[in-house]
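Next come the chains, spelled out residue by residue.
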Amino acid sequence: MYVELHLCSAFSFLEGASLPEELVAEAARLGMPAGALLDRDGVYGAPRFHVAAKKAGIRAHVGAEISVADLGTQAGVPSWMPNKIPPRPVRLALLVENRTGYRNLCRLITRYKLREEGKGTGTATMDEIAGHAEGLVCLTGGEEGPLAAFLAHGGYEEARRNIKRIAGIFGKRNVYIEVQRHFDAAEESRNQAAVRIGESLNLPLLATNGVRYAHAKDREILDVFSCIRNHCQLETAGRFLERNDERCLRSEMEMSRLFSDLPRAISNTGELSARLAYTLADLGYEFPSYPVPPGDTMDSFLRKRTEEGLRQRYAAKGDEELLARAERQVRRELKLIEKLKLAGYFLIVWDIVRFCREQKILVQGRGSAANSAVCYSLGITAVDPVGMELLFERFLSEERGEWPDIDLDLPSGDQREKAIQYIYRRYGQLGAAMTANVITYRGRSAAREVGKVLGFDRESLDQLSSLVNTWGWRGPTDTSEHQFHQAGFDLGHPRVRKYRELCERIQDLPRHLGQHSGGMVVCQGQLDSVVPLEPATMPGRVVVQWDKDDCADMGIVKVDLLGLGMMSVLEECLELVPKHYGKPLDLAQLPADDPLVYETLRRADTVGMFQVESRAQMSSLPRNAPEKFYDLVVQVAIIRPGPIVGNMMHPYMRRRQGREPVTYAHPLLEPILKRTLGVPLFQEQLLRMAMIAANFTGGEAEDLRRAMGFKRSGSRMREIEVKLRQGMEQNGIGKETQEEIIMQITSFAEYGFPESHAASFALIAYASAYLKCHYLGAFTAALLNNQPMGFYSAATIVKDAQRHSLRVKPIDARRSEWLCTIEHAPGKDGKDLPCLRIGLRYVRGLRQAAAEAILRERQVHPFVSIEDLVQRVPELQKSELVTLGAIGALNFLGERVHRRTALWQVERAARSAGPLLKSIPESWESSPLQPMTDDERLVADFHGSGITAGPHPMAYRRAALESMKVKRACDLHRIADGAYTRVAGCVIARQRPGTAKGFVFLSLEDETGIANVIVRPDLYEKHRITINRERFLYVEGILQNQDNVISVKASRVAPVAISAAEMQSHDFH
Amino acid sequence: MPFACLFVPDFSVQAVIRIEPDLRSKPVGVFEGAPPLTKVFGANAAAKALGVEIGMTKLQAEACSGVVWRWRSHSQEATAHAALLDCAWTISPRVQDTTGNKEEPPDTVALDIAGCERLFGSPEKIAGDLKRVAGEVGFDANVAVAGNPEAAICAARGFPGVTLVPQGEESAQLGVLPLSSLKIPAELLETLERWGIHTCAEFAALHEVAVVERLGQEGRRWQLLARGADPRPLIAKEPPVEFEECTELESPVELLDPLMFIFNRLLDQLCVRLRMHVLATNTVKITLTLQRNDSRKKEPLLHIRTLRLPVPAKESKLLLKLLQLDLQAHPPGSPVTAVRILAVPAHLRTRQMGLFLPLSPEPERLEVTLARIQSTVGEGRVGMPVLLDTHRPNAFRQNHFVLSESSMGISAGERRPTAALRIYRPPLPAAVELHDAKPSAISCDGVRREVLTLSGPWRTKGDWWSETVWARDEWDVLIRALRPRYQADPHGVAKKEETALYRIYRDLRSRRWFVEGIYD
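So the sequence lines, in the order shown, correspond to chains L and X. Note that the numbering used here numbers the first sequence so that position 557 is 557, with each residue one more than the last. Note that the numbering used here numbers the second sequence so that position 215 is 215, with each residue one more than the last.
Please note: incorrect hints may appear among the correct ones.
[As the list claims (entries may be wrong)] With a straight-line cut-off of 25 Å between C-alpha atoms, the simulated SDA-like cross-links for lysine to any residue are:
#1 L:Lys304 x L:Glu320
#2 L:Lys498 x X:Thr38
#3 L:Lys498 x X:Arg392
#4 L:Lys217 x X:Trp470
#5 X:Lys183 x L:Glu936
#6 X:Lys39 x L:Gly839
#7 X:Lys39 x L:Glu501
#8 X:Lys26 x X:Leu50
#9 L:Lys498 x X:Arg509
#10 L:Lys452 x X:Leu37
#11 X:Lys285 x X:Ala338
#12 L:Lys217 x L:Asp508
I should point out that these hints are in silico values taken from the structure, not numbers from a laboratory. In this text the structure is predicted, and so the values were computed from the model without any measurement.
Only chain X is shown next, with the shape it has when bound in the complex:
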């Protein structure tokens, strides 16, 4: 019996309960989805007894009184899954992660315990140990030991507590389980039900050749599973696809400089590992666990920063500099108790730049420069502006600036507006006097100007279906300049600008006026 399996029923709920042990004896349900589309994702037996069903809407679910509700957290589940894997790895190095797809909760782990007897004792003891270890990390898990991984998985999913399936008795023991415990594809399950086959034993009893003739090799595989005789070997979990280094700090660190020493050490390690694989990284994620002032709350307080690089890098110094600039702009709010750095590996840049292409800044240095600018002006204020498809004025998004590798061409075609509007960000609040419902004078920055000529209003209204509804009237007004500038006349003589064309607007919801910008 060289294989074991750990299975955590109601995984999403147990993932919550292991963080909040007070809930262990209470009915607990887990919601998923943004309001107003929230649905019940998981519920423990106590909650189900109160009428909670998976898939209920929040409104329906909350009608079941006495249930404690929490939100589903993928990271919490991932952590829980990692803990589950850790439980398995405490016994055996050969661990199979059985999570099929992202929608399924990662609730099952299988492990090869062949040869572990000398270390940990009999299979019964190993099973008991696994259940105990799982309990220590907060899980009430089912454990099964069987002669092959799939039989162990099947037994752990089908029977509560600890189950030992003796070699040669898989078929008999698993036979009582319904076919649904095998997670058979719906179409195949339908065929079997049409045949009147409802349990593993009934499926197992069919003649193998006859099954192959009717259901193909896929059917045979499921039949073997139903017999507890699936010959497939355990597929040990691959090494992680991400490189991670972390450290717990002995005492919380408040200042950035001492943290840099720690980062330096971790980044050095990471970069060495990356180099060993002839890899670099283009994404570095830093997770700082912060000290909580409110100790009653169990969830960790994290400060997470992600650096995305335009080209893969492997130099720790560059990564350190970028990290420093980023943290200067976004310092953690509390002392740091733990640091975790994760690097996503990428292949090194190997392309040769063209000999005759204009010299452009070195990508790595450009990135540092952009990071420096961003640390000064703030996040989301550096990059390439991209207009959005909306009537909302000034709607744009900042895309990350990436140096184009080909020469930029000017797209031919439509003429663009010739007058450029320099926008004040933020717009200047103004007081506007109206005559005949049109602006006649503007007061802004303590200066009052008569409107000499105007056009408008240009009216836009939108997002009426949401809370971000907006509506405004724009006017283009010619006034004496608010802040006179000097312009060179054709003879090169500086001349004080007398009048200027401004765009002013009235926010129709707040009824406030602003000067939005000045036309060149």
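Bound conformation, chain L alone:
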């Protein structure tokens, strides 16, 4: 029997070329009973290797190659041969025998990784290895290993002496003399010496193939990776490249033939594999317990906190029946939590939420946690699951045997960082860490890196990268072949063909390890004994070597602390509203069902509102016509790829508008589907349908959802279908109805959105809509201060606010703060009117330090002239002054100063006069330059700040457009459905959603609003460049007005010359 005990996957980051799953698949094909993954300095690929091996019925051994500082440098190429290979530390191959060994390996890696200065540069010392040797088996390695290094640098005796030393550390039984055969003469001479050393020290031999890729062909990928790693091209890489393609997985027969002279080396692989008892199934992970006061258990403490919260939250509602139901639900949940020993988890999340509240950090739980009355009572979530009849089983079930998932939304930026740092402080550096995010090669990165390696020039690569598709929908022309052709590459050329092939082959292979945006794992005791930790790029952060899916697969509990831009906006409004409007604001106490909010939503006047601002949302809002909070929950959930693809949106909308009767497949389903008019929309409804119609338990129903989910398995589905039919049979449901129910369940299981999640989002959406309707100035200021976020650019948000009568004042060096602020000016009626002052953060290229210097000096006394500003704020660089001048921020410093005067003065003031002329007083003559024209001002505004407080570019051309019979966006609702019309505007969004079969949706903004345009795929193909590149478009076509959803179906598209301003479009969401 032969077992490959030295595999490296692509998780050795650019030193291996196959995914762990590919290695497992090939090992299974070759009939191998087990395999050991030894990635470089980590166990990054181990979970995926473990899961894939489990499925394939193979045993997955764990190990790693450890870089060691004091074993010298790798053997490499003799220095008299030409090569550029830098010295690299020797790597010791270690295999895990038992749990102690795994713990030692993780701790050893963590130890040296945490002190590394550059990414991937950490090395262990032999003393550290000696301290962590228990439970580990050491191989002497191939050309990267210590034996080859000792032989190369010191000869036979030196090698023997050092191997003896290593055997002393690990124990004779735990050191194997590794022999590899890749048809290399130098390697064979090493092997002969290795065999002699093994015999003389009585150490066993072990044959491996030092596998770096699953198939011989993948050597090409490894060569490409070597070039990427060493920043060179294939042509000049020389000995960085592989000598041949022999480091692939080999069958037992091949290995036995290759080592026919050393049969023990082969048979020892089976024996060693049998010894290696450890797999990741035995991770030894424990979630931390929460410290409770004496006399309490975690369960009793949780019960007390829950009951307190329950009373607080439900008593306020004054609904006895609801309170009674809530108490029953909480009791049920607490019982299950106790049974599953999850009290600690809930308390830890409660503790984080409590910390946030104390620190005045806005926090809200989302996801399936919102199904839990305990979470609601503890203040983790804000949606009442009892009042909304949400399904607890979606969150937690006894059968599922996995950890619940609680996600917390926090304001993005510093506030979220505070919460993260609190967790680090509370659980210690080795007790908590962020989950990793494995960055893989995608279309653009693959095209760029492979192109560089093949020696293509930067310009061609830029062109190709810009064409690589990020669109949702992939049409017939969205092939890589088409993209290469468009970028001007001749696919007839063999090198270009190879380029394209390699780009496709390296897709999804890991590139490096990043940090997940919010996932944190915590552990009772030492997390570093469960998974190695390493420093993140961000100072003070530590990440585990696994990503969030791997952590979930390994049963590690994760708390997601997600930064949500809108939470920051809401938080900022909490400060701005009382300060500038004189009214208190409590998000928990917002008036429910505010008529103005729903009226605005029904008009689809939703730019800037959370979750309901996209074009697709806007075009469904008038149809859904929300009147109460639950309508908003549906609205948030329905405009998703799932419901659209699952064909749920249209039946719901028809029923909502009374065009179709509300029917149910079976009367049993009525209570479940009543709220969504008989159309299943939410995952919870699916679960309930299975529970009521087919007597599934909560856990079984959740199982069903997963089986039909993303990773759909045919056999699993058939099993569940049989079970569903049996259940429905028992309930006396007829055959036809059974078919309908099964069809409903299977067709939407994949796409349904969790109701709890939608409810959490709907709360934020409602709050954002309320703030926009009632405190537009504060809301817009906060929205602008948290850009980039949402669907629209800052320029569109400003124009929208202006259309809603908000006075927006331009950037002014005398008045603007760093952030956008609220100023007060008398309105037409003489009353105080809050207006928005754009902040200095919008001045492109202006450093915050320089802006703060302006503010500081301004407080001392106001600037009297540009010269005064330049002299008193030396931090300002000339380019910053020029931008300030160009956007009109300096217009107010002096008499008759227009932008060009400012530029004229800036140019002189910023140029040092030199010591000789310094004392001569400046004579500020007036500028000979003409004031900017309207268009020049627009160009300068957009170039220098990306926004304008002046009129919309389209406003300047309205007269000419009217002569072309172009309608304004605000006039379209007056035009009859089916009429031929013309519109024009600035393209603010281009979309080609995956669900729209190649149709392209454009949003054209003019001074009165946004016009929607639909472009057929054939028209798009014809005018692809115009539609993709032009900033302003003119469109002719038939106007469609369906239920007040207005769009123009384009039959002609042409560019229109409006302005050279660099207006931005948000494309391809």
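With chain L held as given, fit chain X onto it using these hints.
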């Protein structure tokens, strides 16, 4: 108005058209760059009207039908530029070569025509003459005459045909031109555009002191240019940095000996000139224009040889000998119609050799010897072998042999392999019998040998991304010697070698076997 300027628009295309006049009325584009990175470098107005844009890739450009495509030739442009200079030199000895950098096409030449009126007539006539002369060498050029060189350049670049800028009217006449015609640096141009300044007149109108205060002296210089009042004098072209002698032959010469007489004469001249400058040469380039059998093709057929000398030489006899040996090894394929010899000047060797250094061959004589060897064994087969950084077996490059001026030391450090492999070049084709996928017998040169013992295979594969992909398996085999040699035993008695260790290999792509070499 003492200055004139000749400017050739779309120079790279016109450089082609002057060689191929048939293309004059057609849309023509010029490509640059090796495939697959070929881009459009130049295009005439007719081609641009068909949609051709500078910078397009070849694939995109070829989508514009009806355009005639040619490749950019630097030598053609250099020749064209020389012709342009010649046009100017027909009028005035004071000619300024305005080519800024290598990337810019050498499309502009300015000349001082002060005092030329008596010879050639009025400035109008001189301008007309320049345009005519340019037309004769194949250029449709713009010509401008102005009071200073920069104004003339600016006008020639900005206005088509012949332009006369009367003294004192430079500012008014050039004022209508966009600032881009001045070739102002991008940063300055950006500032001016930000000021709303788009034409020369607008720039010129700014107060000079104010411009200096804001844009410095550099800004002032460009402003003067915009006013057509740049006071800088014309910088006459320096004498060539290379020494060149050439001759057109009355009738084509086929044999080498008669050519040697011509070379001798030219080299004598060159060496005399070099000696006058107390210079020698270390590079001599010989360009032989050959007679074409196919007269339809206009491009000259050249036979170019370059001699690079390890030390500068000034003796015509030495140069002649080296040239003779080189041409013996590389004779021109057709009769020679013109000879051009270019010598790159270098300073004479002045260093004194050490008194106690071992005697080494005189560099000049060594060079002759190496040249002799090369003429026998072929180019690229003489020199110092240098290993290449690749896994490809036997990959090396021949560097030119240069006698080291210091004593050679043996680098200490790593041991080198002790067994030396004598490589057969080319390798000997062989037939190999296999047993259990290993060689069991070899047939080579009509001799069959059983393999007594072997090791291998040693496998290498590389260059998989290119057409030169290679893959091979090497074996070291012990067989009875293919070509028995005699070796001296310890007692000095010659003994016939019985067995020998060979390296054989199989080219995995062609599946053919070869004997590569024998181990000592």
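Quick rundown of the hints versus the structure:
Distance hint between lysine 304 (chain L) and glutamate 320 (chain L) is fulfilled; the C-alpha atoms sit about 20 Å from each other, no more than 25 Å. About 18 Å separates the Cα atoms of lysine 498 (chain L) and threonine 38 (chain X), which keeps this hinted pair within 25 Å; it holds. Under the criterion of a C-alpha separation no larger than 25 Å, the hint pairing lysine 498 (chain L) with arginine 392 (chain X) is consistent with the structure, at around 21 Å. Straight-line distance between C-alpha atoms of lysine 217 (chain L) and tryptophan 470 (chain X) comes to about 15 Å, which keeps the hinted pair within the 25 Å bound.
Taken as a hint, the lysine 183 (chain X) and glutamate 936 (chain L) pair is honoured in the structure, with Cα atoms around 23 Å apart against an allowance of 25 Å. Distance restraint check for lysine 39 (chain X) and glycine 839 (chain L): the Cα-Cα separation of roughly 45 Å exceeds the 25 Å cut-off, and the hinted pair is therefore not satisfied. For the suggested pair lysine 39 (chain X) and glutamate 501 (chain L), the alpha carbons sit about 24 Å apart, so the restraint of at most 25 Å is met. Our distance criterion of 25 Å between C-alpha atoms is met by lysine 26 (chain X) and leucine 50 (chain X), whose separation comes to about 11 Å.
Proximity of lysine 498 (chain L) to arginine 509 (chain X) is assessed by CA-CA distance (about 19 Å); at most 25 Å being required, the pair is judged to hold. Between lysine 452 (chain L) and leucine 37 (chain X), the direct Cα distance comes to roughly 13 Å. Compliance with the 25 Å bound is thereby established for this hinted pair. Restraint check: the Cα-Cα separation between lysine 285 (chain X) and alanine 338 (chain X) comes to about 14 Å, which is no more than 25 Å; the hinted pair holds. For the suggested pair lysine 217 (chain L) and aspartate 508 (chain L), the alpha carbons sit about 17 Å apart, so the restraint of at most 25 Å is met.
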